[in-house]
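Colleague: Here's the letter readout for the chains.
2 protein chains.
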Amino acid sequence: MSTQVTKKLNGLPLTQMMETVGAIKNDPAIAQFQFRASNKWIDGGENRSMIQDFYGAGREDDSREVPFEFTNGEPPVLLGGNEGANPVEFLLHALAGCMTTTMVIHAAARGIRLTELSTELEGDMDLQGLLGLDEGVFPGYEQIRIKMNVEADCSDKELEDLLEFVRGHSPVCTTVCKPVPVVIERVTSSN
Amino acid sequence: MSTQVTKKLNGLPLTQMMETVGAIKNDPAIAQFQFRASNKWIDGGENRSMIQDFYGAGREDDSREVPFEFTNGEPPVLLGGNEGANPVEFLLHALAGCMTTTMVIHAAARGIRLTELSTELEGDMDLQGLLGLDEGVFPGYEQIRIKMNVEADCSDKELEDLLEFVRGHSPVCTTVCKPVPVVIERVTSSN
Numbered sequence: 001m002s003t004q005v006t007k008k009l010n011g012l013p014l015t016q017m018m019e020t021v022g023a024i025k026n027d028p029a030i031a032q033f034q035f036r037a038s039n040k041w042i043d044g045g046e047n048r049s050m051i052q053d054f055y056g057a058g059r060e061d062d063s064r065e066v067p068f069e070f071t072n073g074e075p076p077v078l079l080g081g082n083e084g085a086n087p088v089e090f091l092l093h094a095l096a097g098c099m100t101t102t103m104v105i106h107a108a109a110r111g112i113r114l115t116e117l118s119t120e121l122e123g124d125m126d127l128q129g130l131l132g133l134d135e136g137v138f139p140g141y142e143q144i145r146i147k148m149n150v151e152a153d154c155s156d157k158e159l160e161d162l163l164e165f166v167r168g169h170s171p172v173c174t175t176v177c178k179p180v181p182v183v184i185e186r187v188t189s190s191n
Numbered sequence: 001m002s003t004q005v006t007k008k009l010n011g012l013p014l015t016q017m018m019e020t021v022g023a024i025k026n027d028p029a030i031a032q033f034q035f036r037a038s039n040k041w042i043d044g045g046e047n048r049s050m051i052q053d054f055y056g057a058g059r060e061d062d063s064r065e066v067p068f069e070f071t072n073g074e075p076p077v078l079l080g081g082n083e084g085a086n087p088v089e090f091l092l093h094a095l096a097g098c099m100t101t102t103m104v105i106h107a108a109a110r111g112i113r114l115t116e117l118s119t120e121l122e123g124d125m126d127l128q129g130l131l132g133l134d135e136g137v138f139p140g141y142e143q144i145r146i147k148m149n150v151e152a153d154c155s156d157k158e159l160e161d162l163l164e165f166v167r168g169h170s171p172v173c174t175t176v177c178k179p180v181p182v183v184i185e186r187v188t189s190s191n
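Sequence lines, in order, name chains A and B.
Be aware that the first sequence starts at 1, since it is given in the working numbering, and climbs by one per residue.
Be aware that the second sequence starts at 1, since it is given in the working numbering, and climbs by one per residue.
Where hints are given, some of them may not hold.
Which copy? The list can't say, so a pair holds if one copy fits it or any two copies do.
When the alpha-carbon atoms are kept at most 20 angstroms apart in a straight line, the in silico SDA-like pairs for lysine to any residue are as follows [claimed, not checked]:
id: 1; residue 1: LYS8; residue 2: PRO76
id: 2; residue 1: LYS40; residue 2: GLY11
id: 3; residue 1: LYS178; residue 2: GLU122
id: 4; residue 1: LYS178; residue 2: GLN143
id: 5; residue 1: LYS7; residue 2: THR20
id: 6; residue 1: LYS25; residue 2: PHE138
id: 7; residue 1: LYS40; residue 2: ARG167
id: 8; residue 1: LYS157; residue 2: GLY168
id: 9; residue 1: LYS178; residue 2: PHE138
These aren't lab readings, by the way, just hints derived from the structure by calculation.
Just so we're clear, the structure is a prediction, and the values are computed from it rather than from any experiment.
For reference, chain A alone in the conformation it holds in the complex (with noise of 0.2 angstroms):
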């Protein structure tokens, strides 16, 4: 009888992450990721998507039984009621949630243990640009900045590597700086 101890780095199975790493390296083919998200407008401002399935590892994931819900909403200002956080706020989410992961996931793999990790993130937007009235004013984010607090058991230098790795390497960071081809199709219900 065996006693199975499974030896955590950051909360991550290091044993597993690195079958993972292995297993990439022997078939590329398995870090083919493909992501979904299906959205139903309401109302107004209002908006709601289910996440469920995706594609990863050579096959459907089917882990979970139930679809995650996420609504968009408006403020009143922006002519809503509050109905849910709004997509460009829903943006700043994502990408702190993926700069913290990808900190997380490299911290692991250096030997980094991390003891704390929080983040603020401000973007500015003209609204001149979303609305039509400039076509000089840029619609999206001018800028983002991300405010990041991070204790680990390293050198400040090991600290500052880190992070700056994890700028090149966070998918939602890399997809935001960098131009990502996004191609609209539409269809009828019919298709």
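The hints should help you fit chain B onto chain A, whose structure is shown.
Modeller: Just chain B now, with coordinates in the frame of chain A:
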């Protein structure tokens, strides 16, 4: 005694919308918004954001009595316990919502009544990028595809024109499609 009737199109109050546009034309400074999120790491791939205040229309918004809370998680295949959708899925939710709300606003501005609007999104990602296993692999989404099913009381040509306009004016879509600077600053609790 007068009866106030709020004329709505696509759920948006038309008079208030036109007044907002008029006010911005008169004083473009009120179109400056700053959105915010704060996030705290829990453990492993789990972290949580709080979204409440923002600046816009010349003042701090105080319309939300309690903050919205959203949890990022990871599925088992990505070493998590499905504590929430993951950050790259939240990005799709943000994009879906922003395309939808931007459609709703500009349809209303053009006098187009929408009767149905739903989207299906999928995005491809090669995890070799996130994991730093191949520096030639982009860590973010390689491409995001949106299938939009939209029904409206206008011609097909008007709908195509609207969709083309929306693609270039959705804040999240343009943030994804174009390079947006993300500035990261490391702070300590004492800051």
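Colleague: Each hint should be assessed against the structure and marked as holding or not.
Modeller: Verification of the hints:
1. LYS8 <-> PRO76: between (45 angstroms within a copy, 15 angstroms between copies)
2. LYS40 <-> GLY11: Between copies, since 14 angstroms is at most 20 angstroms while 35 angstroms is not.
3. LYS178 <-> GLU122: Close inside one copy (19 angstroms) and across copies (18 angstroms); limit 20 angstroms.
4. LYS178 <-> GLN143: The answer is both: 13 angstroms in one copy and 12 angstroms across copies each meet 20 angstroms.
5. LYS7 <-> THR20: within (15 angstroms within a copy, 57 angstroms between copies)
6. LYS25 <-> PHE138: between (41 angstroms within a copy, 16 angstroms between copies)
7. LYS40 <-> ARG167: Between copies only: 18 angstroms across, 33 angstroms inside.
8. LYS157 <-> GLY168: Result: close within a single copy only, 17 angstroms intra versus 41 angstroms inter.
9. LYS178 <-> PHE138: both (15 angstroms within a copy, 10 angstroms between copies)
When the structure is compared with the earlier hints, no violation turns up for any of them.
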